[in-house]
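This is what each chain is made of:
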Amino acid sequence: MTKSQNHFSLIERMKTILIVVLTLSTILLLYFFWKDSSTDHSFELSPVVAILMGEELYVPSVEDVVVPQEIMVNFKYQSGNYTVVDTGKEKYWKKAVEELGQFSNESNIQVKEIPKDQYDQIMEFRSIQFTFSYDLPFAEFCDRFQIRRFQGSDAVQYLSSMGYCADKNDSLFFYDRKNNKYYRMFVDKSKEKWKNGFDEMLDEIENGGDYVHYLPASSYMLGTDEKDPENNAFMPLHFTSNLKTFTYAPEFKPGETDKINNLAETFYGKNFDFIRRLTESQGTMIFMYGYGQKVLIAGTDGTLEYKEEASDETSEQSFFGAMDTALKFVASHGSWYIDEGSKEDPQVILKSATLQKDKAKTYRFSFDIALGDHPICIQNGYAVVIEVTGNQVTYYKRNMMKVNSAEVLRNLKMDEKTETVDAVNTIALNYDYISKFLMKQGIISASTSSGKDDQKTPYLKDIVDAMSSIQTGYVKDQSSDKVVPAWIVNFSNKDNTKKCNLYFNLYRKAKAEPIGYNGANGRKSSIK
Amino acid sequence: MRKQGLRIIAVILILLFSTMTAFAASDPAVTIVNPADKIYTDNLLISVKLTKPITIRVRVDEYVKVNSDGTTSHITDTPKDYKPKEVQLVDPESFTGTGSVSYYSKQINNIKPGAYVIYVDTMGSNGDVKYTSTKYCQVAASKEKDPDKIFEEDQSSTMNFFQSILNAIFGK
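Quick note, the sequences are listed as chains A and B, same order.
Mapping of the first sequence onto the numbering used here: position 387 corresponds to residue 387, and the numbering continues sequentially without gaps.
Mapping of the second sequence onto the numbering used here: position 110 corresponds to residue 638, and the numbering continues sequentially without gaps.
Bear in mind the hints are in silico, worked out from the structure with no lab data behind them.
Glycine residues also receive a C-beta, built at the ideal position from the N, C-alpha and C atoms.
Wrong hints could be hidden among the right ones.
As the list claims (entries may be wrong) - Derived DSS-like pairs (lysine-lysine); straight-line CA-CA distance at most 30 Å: (1) Lys76/A - Lys658/B; (2) Lys580/B - Lys76/A; (3) Lys509/A - Lys634/B; (4) Lys494/A - Lys89/A; (5) Lys566/B - Lys178/A; (6) Lys509/A - Lys580/B; (7) Lys640/B - Lys168/A; (8) Lys307/A - Lys270/A; (9) Lys94/A - Lys168/A; (10) Lys658/B - Lys511/A; (11) Lys566/B - Lys168/A; (12) Lys417/A - Lys634/B; (13) Lys634/B - Lys413/A; (14) Lys663/B - Lys456/A.
Stated by the list, open to error - Listed next, with one range per pair, are the computed distances between beta-carbon atoms: (15) Gly208/A - Asn638/B: 17 to 25 Å; (16) Pro556/B - Ala446/A: 20 to 28 Å; (17) His238/A - Ser601/B: 26 to 34 Å; (18) Tyr610/B - Ala370/A: 33 to 41 Å; (19) Asp312/A - Glu680/B: 50 to 58 Å; (20) His238/A - Pro556/B: 22 to 30 Å; (21) Glu513/A - Gln616/B: 35 to 43 Å; (22) Lys244/A - Glu680/B: 49 to 57 Å; (23) Ser601/B - Glu63/A: 55 to 63 Å; (24) Arg148/A - Gln616/B: 24 to 32 Å; (25) Ala370/A - Ser601/B: 45 to 53 Å; (26) Gln616/B - Gln157/A: 51 to 59 Å; (27) Val618/B - Ser61/A: 49 to 57 Å; (28) Thr87/A - Thr583/B: 33 to 41 Å.
What the hints assert, rightly or not - Residues from chain B that face chain A, not an exhaustive set, calculated with beta carbons under 7 Å: (29) Asn562; (30) Tyr568; (31) Ile582; (32) Thr583; (33) Ser622; (34) Thr624; (35) Gly627; (36) Gln635; (37) Asn638; (38) Pro641.
With these hints in hand, go ahead and build the complete structure from the sequences.
Following this line, the structure appears as C-alpha cells:
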C-alpha cells in the first residue's frame with residue numbers, strides 16, 4: 001500500500017472508533033438521565049437534569065429531616081436544674097449520632113432490657129435525652145446512619161428516645177415507645193471507659209449562655225403526694241420570645257389557572273395527554289387520568305391532593321427508602337420552597353411516620369416547614385402528607401404557603417424578646433377548653449379520671465398525664481393571611497395511639513387564647 | 529366590776545370581728561403545690577395554685593441561728609440552746625391570678641440546706657391581708673446516690689437466681 005492509502009486507512013479507522021465511542025456515550029448518558037423515571041409512572045427529570053436545565057430542585061435528605069422533637073438536659077442530680085434545647089437541635093443530634101457510631105465500634109457491647117424505673121432513675125443524674133415524636137426502626141436506622149449492628153442490637157426494635165448519663169458513661173439508654181420497652185447498652189467495665197463527646201455537649205449547653213430553666217409539669221401543677229404522671233412534659237419557668245406575626249399567601253388561589261396547571265404538569269407532563277380536566281363551580285380543579293387511576297385535586301383553599309392507585313402492592317421498600325422516595329417526590333411536584341426568592345434551603349421537619357395497617361406496606365410521612373428552628377404548624381393537618389407503597393407514591397396532600405422568609409428570619413435575629421404567657425398558665429387559663437377537647441378526642445375520660453377529689457380541677461392530673469411536650473412555634477391561620485406565634489402543646493393517650501396538638505396565642509395581650517388544633521386523626525373536631 | 533366586764537366583752541368582740549383574726553387562716557382558693565415538706569435540691573421551686581382571680585403576695589423567709597458575733601448560720605439540725613430567728617430571704621412578690629385557675633411560680637436558685645417558710649397572703653382590695661397560707665419546708669443536702677447501684681441490684685438478684693438453680697441441680 002502507498003503512503004496515502006495507509007494514511008486514508010488510518011483516518012477511516014479513527015472515524016469508526018470515534019463513532020463507536022460517541023454511540024456508547026449517548027446510551028450511557030440516556031440511561032443516567034432517565035433511570036429515576038422508574039420511581040414514578042409519569043415522565044420525570046432526574047434531579048441532575050433539572051439543575052442543568054436551570055430548575056432549582058432542593059431535595060432534603062433523610063439526615064436533614066430526622067431530628068429529635070426534644071433534647072432535654074438535666075444538669076445535676078436532684079438540682080431541679082433542667083433545660084430543653086430550643087435552637088441548634090440538628091447540630092447536637094448529628095454529634096449524638098457520631099457518638100453512637102463510635103460506641104457501636106467498641107467490643108463486647110452488652111444489651112439488656114431494663115425496667116422503666118431504672119431508666120427514670122438514671123436520667124435523674126447529669127444527662128441528655130433525645131426524643132422523637134415517631135418511632136424509627138432501629139436496625140434500619142443503624143444501617144442508614146452507619147452504626148455498626150453489634151450482637152444484641154437487634155433486640156431493640158424501635159428507637160423513640162436515646163439517653164446518655166454522664167455519671168454512668170459506660171452506657172447508652174434507649175426507649176422503644178411502640179413496644180413500651182427500655183434498654184441499656186453498655187461496654188465491658190473492665191476495659192477503659194468509652195471516651196465520648198456527650199460530656200462536651202453537656203458542658204457546651206451549660207456554659208453556652210443563659211439557658212431557659214425548665215421543670216416537669218407535675219412540679220408546677222400537681223401536689224407532691226401525686227404519683228409521677230405518665231408523660232411529665234417539661235415546661236419553661238418563664239419565657240421570652242421574639243416570634244412575631246407575619247403574612248403568608250397560599251400557593252394558588254381559585255382562578256389562578258396558570259399556577260395550577262404548572263403544578264399539574266409535574267404530575268401529568270406538559271401536554272396533559274389522556275387527562276380530563278374539570279372545574280367545579282366553587283373553583284376546585286380536578287385532573288383525572290383514566291377512570292381515576294390518578295386524580296389531582298386543586299382545592300379552593302390552596303391545597304393540592306393527589307391519589308394514585310397502587311400498581312404493585314407486593315413490592316416492598318425500607319422505611320428510609322420510602323422516605324427518600326417521598327422527599328424526592330415532593331421536590332419535583334411543587335418543591336419544598338416556601339419563598340421563591342430565597343437562596344436558603346428550607347428547613348423541613350418530619351413530624352410523624354407510620355406504617356399504615358390497612359394498606360400493603362404503605363408508609364405515611366407528615367412534614368412541616370420551620371423558620372429559624374420554629375415549626376410552622378397547620379390547622380387540621382401538616383404542610384405535606386405523603387404515602388409511599390413500595391416504590392410508588394400513592395397519596396400526596398400539599399398545604400404549603402408562600403412567605404417572605406428572609407424578612408422573618410431577619411426579624412428573628414434583630415427583634416428584642418418580650419414576655420410570653422407562662423406555659424403553665426397557658427394550660428391553666430384554658431383548663432376547661434383542654435379538658436373538653438381531650439375528652440372529645442378520647443385521650444382522657446371522665447369515667448377513669450384520677451382527680452375526682454379535686455372539685456375545682458378534677459381533670460388536671462389527666463391533662464398533665466396526657467401532655468407529652470410544649471414548645472413555641474407558629475400556626476398558620478386558615479381563615480386569614482396571618483401566621484401567628486403560638487404555644488404548641490402535644491397530647492397523647494397512654495398507649496400513644498391517639499395524639500393531638502393544641503395551639504395557644506403566645507403573648508400576654510392575647511391572654512393565651514386558643515387559636516386552633518390538629519385533632520387526633522388530623523380531622524377538625526367541634527368542641528362546643 | 530361591771531365596767532371591767534364590759535371592757536373584756538368589748539375586747540373579745542373586737543377580736544372576733546377584727547380582720548386581723550383572719551390573718552392566721554388559710555385561703556381555700558390558695559394551694560401551695562410546691563415545695564414539699566422536705567426536699568433535696570439546690571433550686572427551690574415555689575408553685576402556688578389559685579382557683580379564683582385574686583391577688584396574692586408571696587414572702588419567703590428563712591430560719592437562721594444568730595451567732596455570738598452577730599453573723600447568721602443556716603439551720604440544718606434540730607436547734608438546741610438557741611432560738612432561731614426568722615429573716616427575709618427574698619423580696620416579696622405580688623401576683624394577680626386570672627380566670628378560674630392560675631399559677632404563681634418562682635425558682636430560687638443555689639439555695640442552701642436549711643429551714644424555710646413560704647407565706648402566701650391573699651390581698652384585699654384595700655391592700656389589707658385577708659388570709660395567709662403557710663408552708664414550711666426543709667431543704668436538705670442532696671442525698672448521695674451511686675448510679676452503679678441502680679443496675680447492680682438487678683445483676684445480683686439475677687446471680688442469686690441462677691445460683692439457686694445451680695444449687696438445686698448439684699445439691700450444694
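Status of each hint after checking the structure:
1. Lys76/A - Lys658/B: violated (40 Å)
2. Lys580/B - Lys76/A: violated (36 Å)
3. Lys509/A - Lys634/B: Within the cut-off at roughly 22 Å; holds.
4. Lys494/A - Lys89/A: holds (27 Å)
5. Lys566/B - Lys178/A: With Cα atoms ~37 Å apart, Lys566/B and Lys178/A exceed 30 Å; violated.
6. Lys509/A - Lys580/B: holds (20 Å)
7. Lys640/B - Lys168/A: holds (27 Å)
8. Lys307/A - Lys270/A: holds (19 Å)
9. Lys94/A - Lys168/A: holds (22 Å)
10. Lys658/B - Lys511/A: holds (27 Å)
11. Lys566/B - Lys168/A: Holds, because 27 Å separates the two Cα atoms, which is no more than 30 Å.
12. Lys417/A - Lys634/B: holds (20 Å)
13. Lys634/B - Lys413/A: holds (29 Å)
14. Lys663/B - Lys456/A: holds (21 Å)
15. Gly208/A - Asn638/B: 17 to 25 Å: With a Cβ separation near 19 Å, Gly208/A and Asn638/B satisfy 17 to 25 Å, so the hint holds.
16. Pro556/B - Ala446/A: 20 to 28 Å: holds (24 Å)
17. His238/A - Ser601/B: 26 to 34 Å: The hinted range 26 to 34 Å holds for His238/A and Ser601/B, with Cβ atoms some 32 Å apart.
18. Tyr610/B - Ala370/A: 33 to 41 Å: violated (60 Å)
19. Asp312/A - Glu680/B: 50 to 58 Å: Since the Cβ atoms of Asp312/A and Glu680/B sit about 54 Å apart, the hinted range of 50 to 58 Å holds.
20. His238/A - Pro556/B: 22 to 30 Å: Since the Cβ atoms of His238/A and Pro556/B sit about 27 Å apart, the hinted range of 22 to 30 Å holds.
21. Glu513/A - Gln616/B: 35 to 43 Å: Since the Cβ atoms of Glu513/A and Gln616/B sit about 38 Å apart, the hinted range of 35 to 43 Å holds.
22. Lys244/A - Glu680/B: 49 to 57 Å: holds (53 Å)
23. Ser601/B - Glu63/A: 55 to 63 Å: holds (56 Å)
24. Arg148/A - Gln616/B: 24 to 32 Å: Given a distance of about 59 Å, which is not inside 24 to 32 Å, the answer is violated.
25. Ala370/A - Ser601/B: 45 to 53 Å: At roughly 52 Å between Cβ atoms, Ser601/B and Ala370/A fall inside 45 to 53 Å, so the hint holds.
26. Gln616/B - Gln157/A: 51 to 59 Å: Roughly 56 Å apart at Cβ, these two residues keep to the hinted range, so it holds.
27. Val618/B - Ser61/A: 49 to 57 Å: holds (50 Å)
28. Thr87/A - Thr583/B: 33 to 41 Å: holds (36 Å)
29. Asn562: Asn562/B check passes; min Cβ-Cβ to chain A is 6 Å, inside 7 Å.
30. Tyr568: Holds, about 5 Å.
31. Ile582: Nearest chain A Cβ about 13 Å off; hint violated.
32. Thr583: This hint is violated: Thr583/B lies away from chain A, its Cβ roughly 15 Å from the closest one there, beyond 7 Å.
33. Ser622: violated (15 Å)
34. Thr624: This hint is violated: Thr624/B lies away from chain A, its Cβ roughly 12 Å from the closest one there, beyond 7 Å.
35. Gly627: holds (5 Å)
36. Gln635: Where the cut-off is 7 Å and the nearest Cβ of chain A is about 6 Å from Gln635/B, the hint holds.
37. Asn638: violated (10 Å)
38. Pro641: violated (12 Å)
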